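Under my numbering, the first residue of the sequence shown carries the number 29, and numbering increases by one thereafter.
Where hints are given, some of them may not hold.
As the list claims (entries may be wrong) - In the DMTMM-like style, the derived pairs of lysine to aspartate or glutamate whose C-alpha atoms are separated by at most 25 Å in a straight line are: (1) K33 x D59; (2) K76 x D59; (3) K32 x D57; (4) K33 x E90; (5) K51 x E91; (6) K80 x E90; (7) K32 x E90; (8) K33 x E50; (9) K80 x E36; (10) K39 x D79; (11) K51 x E90; (12) K76 x D57; (13) K80 x D59; (14) K76 x E91; (15) K76 x E50; (16) K94 x E50; (17) K94 x E36; (18) K39 x E91; (19) K76 x E36; (20) K39 x E50; (21) K80 x E91; (22) K33 x D79.
Stated by the list, open to error - Computed spacing ranges between beta-carbons, pair by pair: (23) R71 x S48: 15 to 21 Å; (24) S55 x S88: 23 to 29 Å; (25) L54 x M29: 26 to 32 Å; (26) R60 x T31: 25 to 31 Å; (27) N68 x S45: 24 to 30 Å; (28) K51 x M29: 15 to 21 Å; (29) N77 x M29: 15 to 21 Å; (30) V30 x A64: 14 to 20 Å; (31) S55 x M29: 24 to 30 Å.
If you're looking for bench data, these hints aren't it; they were derived computationally from the structure. Computed from a prediction, not measured in an experiment: that's the story for all the values here. Ideal Cβ positions, reconstructed from N, Cα and C, are used throughout, including at glycine.
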Amino acid sequence: MVTKKFGERLKQLRNNSGLSQEKFALSIDMDRTYYASVENGRRNISLKNIDKIANGLGVSLEELFKGI
């Protein structure tokens, strides 16, 4: 399922940045529980929020979707 693979990719990139879910979610002005549900593959996220996450991680959209 694409939402699960996307969530796994987000978790990988976030862990590489050394941030907790809570600190990362706060840094991009997103609710932690919402972000956690995205990482766990339980939410079909909007393009606007995908862009917000990519910017927060400092990666391009292309890099964000790499390997999915």
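Outcome of the hint check:
Annotation: proposed proximity of K33 to D59 holds, straight-line Cα distance about 21 Å (limit 25 Å). Of the supplied pair hints, the one linking K76 and D59 holds, its CA atoms being roughly 15 Å apart against a limit of 25 Å. Proximity of K32 to D57 is assessed by CA-CA distance (about 22 Å); at most 25 Å being required, the pair is judged to hold. At most 25 Å may separate the alpha-carbon atoms for a hinted pair to count; K33 and E90 meet this at roughly 15 Å.
Annotation: proposed proximity of K51 to E91 holds, straight-line Cα distance about 21 Å (limit 25 Å). With a CA separation close to 14 Å, the supplied pair K80 and E90 stays within the 25 Å bound. As the CA atoms of K32 and E90 are separated by approximately 18 Å, the hinted pair is consistent with the 25 Å bound. For the given pair, K33 sits about 21 Å from E50 by alpha-carbon distance, which is consistent with the 25 Å threshold.
Proximity of K80 to E36 is assessed by CA-CA distance (about 17 Å); at most 25 Å being required, the pair is judged to hold. For the suggested pair K39 and D79, the alpha carbons sit about 16 Å apart, so the restraint of at most 25 Å is met. Pair hint K51 plus E90 holds up; C-alpha atoms about 24 Å apart against a cutoff of 25 Å. Proposed proximity of K76 and D57 is supported: the alpha carbons are some 13 Å apart, at most 25 Å.
Only pairs whose Cα atoms come within 25 Å are accepted, and K80 paired with D59 is accepted, the gap being roughly 13 Å. The hinted pair formed by K76 and E91 meets the criterion: a straight-line CA distance of about 16 Å does not exceed 25 Å. The straight-line distance between the Cα atoms of K76 and E50 is roughly 20 Å, inside the 25 Å bound, and the hint therefore holds. Restraint check for K94 and E50: the C-alpha separation of about 24 Å stays at or below 25 Å, so the hint holds.
Distance check on the hinted pair: K94 and E36 sit about 11 Å apart at the alpha-carbon level, within 25 Å; holds. Proposed proximity of K39 and E91 is supported: the alpha carbons are some 14 Å apart, at most 25 Å. For a cut-off of 25 Å, the pair hint linking K76 to E36 stands: about 19 Å separates their Cα positions. A C-alpha spacing of about 12 Å is found between K39 and E50, which places the hinted pair at or below 25 Å, so the restraint holds.
Taking the CA atoms of K80 and E91, the gap is near 14 Å; set against the 25 Å cutoff, the hint holds. Between the alpha carbons of K33 and D79 the distance comes to roughly 17 Å, so the proposed pair stays at or under 25 Å and holds. In this structure the hint that R71 and S48 lie 15 to 21 Å apart at CB holds, the actual value being about 19 Å. At about 18 Å, the CB distance of S55 to S88 disagrees with the hint of 23 to 29 Å.
At roughly 28 Å, the beta-carbon separation of L54 and M29 lies within the given 26 to 32 Å, and the hint holds. Distance hint for R60 and T31: a CB-CB separation of about 18 Å, inconsistent with the stated range 25 to 31 Å. At about 18 Å, the CB distance of N68 to S45 disagrees with the hint of 24 to 30 Å. Taking the beta carbon of each, K51 and M29 are about 27 Å apart, not inside 15 to 21 Å as hinted.
A hinted range of 15 to 21 Å for the beta carbons of N77 and M29 is consistent with their spacing of about 18 Å. Hint check: V30 to A64, Cβ distance near 18 Å, so the stated range 14 to 20 Å holds. Checking the proposed 24 to 30 Å range against S55 and M29 shows it holds: the Cβ atoms sit about 27 Å from each other.
The earlier numbered hints that this structure contradicts are 24, 26, 27 and 28.
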